[in-house]
Amino acid sequence: MKIRIYKNARKLISFAGRRRVIFLALAAACILTWSLSLWAKPNDAVPYPAGYRLWAHVRSALIGPKNPAFENSGGIHHIYANEKAMEGYRDGRFPDGSVLVADFLETRESEGVTIEGPRRRIDVMVKDSKRFAATGGWGFEQFRGDSQTDRLVTAETAATCFACHSKQKERDSVFSVFRK
Amino acid sequence: MPIHDNTVKLISSAKWRKGVFLALAVTCVMAWSLSLWAMPNDEIPYPTGYRQWTHVKSTIIGPKSSLYQQIGGIQHIYANEKGMEGYRTGRFPEGSILIYDFLKTEENDNNPGVVSEGARRFTSVMVKDSKRYAATGGWGFEEFRGDSQTDRMIGADAPTKCYGCHTSQKERDFVFSSYRK
Numbered sequence: 578m579k580i581r582i583y584k585n586a587r588k589l590i591s592f593a594g595r596r597r598v599i600f601l602a603l604a605a606a607c608i609l610t611w612s613l614s615l616w617a618k619p620n621d622a623v624p625y626p627a628g629y630r631l632w633a634h635v636r637s638a639l640i641g642p643k644n645p646a647f648e649n650s651g652g653i654h655h656i657y658a659n660e661k662a663m664e665g666y667r668d669g670r671f672p673d674g675s676v677l678v679a680d681f682l683e684t685r686e687s688e689g690v691t692i693e694g695p696r697r698r699i700d701v702m703v704k705d706s707k708r709f710a711a712t713g714g715w716g717f718e719q720f721r722g723d724s725q726t727d728r729l730v731t732a733e734t735a736a737t738c739f740a741c742h743s744k745q746k747e748r749d750s751v752f753s754v755f756r757k
Numbered sequence: 013m014p015i016h017d018n019t020v021k022l023i024s025s026a027k028w029r030k031g032v033f034l035a036l037a038v039t040c041v042m043a044w045s046l047s048l049w050a051m052p053n054d055e056i057p058y059p060t061g062y063r064q065w066t067h068v069k070s071t072i073i074g075p076k077s078s079l080y081q082q083i084g085g086i087q088h089i090y091a092n093e094k095g096m097e098g099y100r101t102g103r104f105p106e107g108s109i110l111i112y113d114f115l116k117t118e119e120n121d122n123n124p125g126v127v128s129e130g131a132r133r134f135t136s137v138m139v140k141d142s143k144r145y146a147a148t149g150g151w152g153f154e155e156f157r158g159d160s161q162t163d164r165m166i167g168a169d170a171p172t173k174c175y176g177c178h179t180s181q182k183e184r185d186f187v188f189s190s191y192r193k
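Heads up: the sequence lines are chains A and B, in that order. Its first residue numbered 578, the first sequence is counted upward by one per residue in the working numbering. Its first residue numbered 13, the second sequence is counted upward by one per residue in the working numbering.
For reference, chain A alone in the conformation it holds in the complex (with noise of 0.2 angstroms):
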């Protein structure tokens, strides 16, 4: 009778032991899984601009049916430049932590007169000089209309960003300059 309470006791003890070890191994697994996913995910590199409309307003243009990029990117766009970017339209050389966003709007015309309508998308250029180091130091991403989480950008349209802006290589990657 003694060496069965023993017993059973010595199970009790291997059980909670067993319980134990069991926890911690599913809790190693899920720390691991999350670090992988965050690993795994690279669109994360470039957030979401929060607040942008804010910022300095660079210029504008409107591209209209006659221009083939009209199905895209047609319609009035207006680029934003947060202070650090504001310093690299002054300088020339966009410090990290330059921030770019182009904000593509639809068109409403009537009677000559054209007036803004939905948000097609925004485009945003992150200055990360290590982090970015392959695409001119630039991320590159795009939301959809008035998403904040709706990416547009891969990894390959990514290169395709950096393909054609790395034409302005001595205007550090960018197209646009400031309009006074």
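These aren't lab readings, by the way, just hints derived from the structure by calculation. A portion of the hints provided could be inaccurate.
When the alpha-carbon atoms are kept at most 25 angstroms apart in a straight line, the in silico SDA-like pairs for lysine to any residue are as follows [said to hold, decoys possible]: (1) B/LYS76 with A/ARG636; (2) B/LYS116 with B/ASP159; (3) A/LYS757 with B/ASN92; (4) B/LYS69 with A/GLY628.
Calculated Cβ distances over 10 angstroms to all of chain B for the following chain A residues [to be verified]: (5) SER637; (6) ALA638; (7) ASP668; (8) PHE709; (9) GLY722; (10) THR726; (11) SER743; (12) LYS757.
Think of the CB as a built atom: it goes at the ideal place given N, C-alpha and C, for glycine as much as any other residue.
Starting from the known structure of chain A, arrange chain B on it as the hints suggest.
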């Protein structure tokens, strides 16, 4: 004796110079204060730095519009921080400044269908100061021609040239535009 004489002369000459200097200084300060006082105090200052303010919205007036000859091109509205508060709350606080920037537009044959910004036609300014501009809804109105900071196009004509139309927006504190998110 001659040495003593010279010393006295030197001292008095220094005093004399001091007196002249002080008199000149006082005259300068007085003239400057008078010039400030004599400036028409309802004159709207040029809105230095407005290009860094918040962009409210834009419109384009094309060749099909009857307004094209006069103001055709692209227009951007900018607001200072107080002006932004006004767009949020519907009441524009004292010190609110709104800018209506009129630019011409250009088209380039190398890039067909793209309309880009050209030269500045003029910059329209609204400044909120309920006491100073009590007669025109608390808003002062001015326009600066081209890129000039001194060539004023409105002056004393604000009641007829500007307020006459803005008065239709009384329930919106005389402002037509809304902030486009």
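Report the numbers of all earlier hints that the structure fails to satisfy, in ascending order.
Numbers 5, 6, 12, in rising order.
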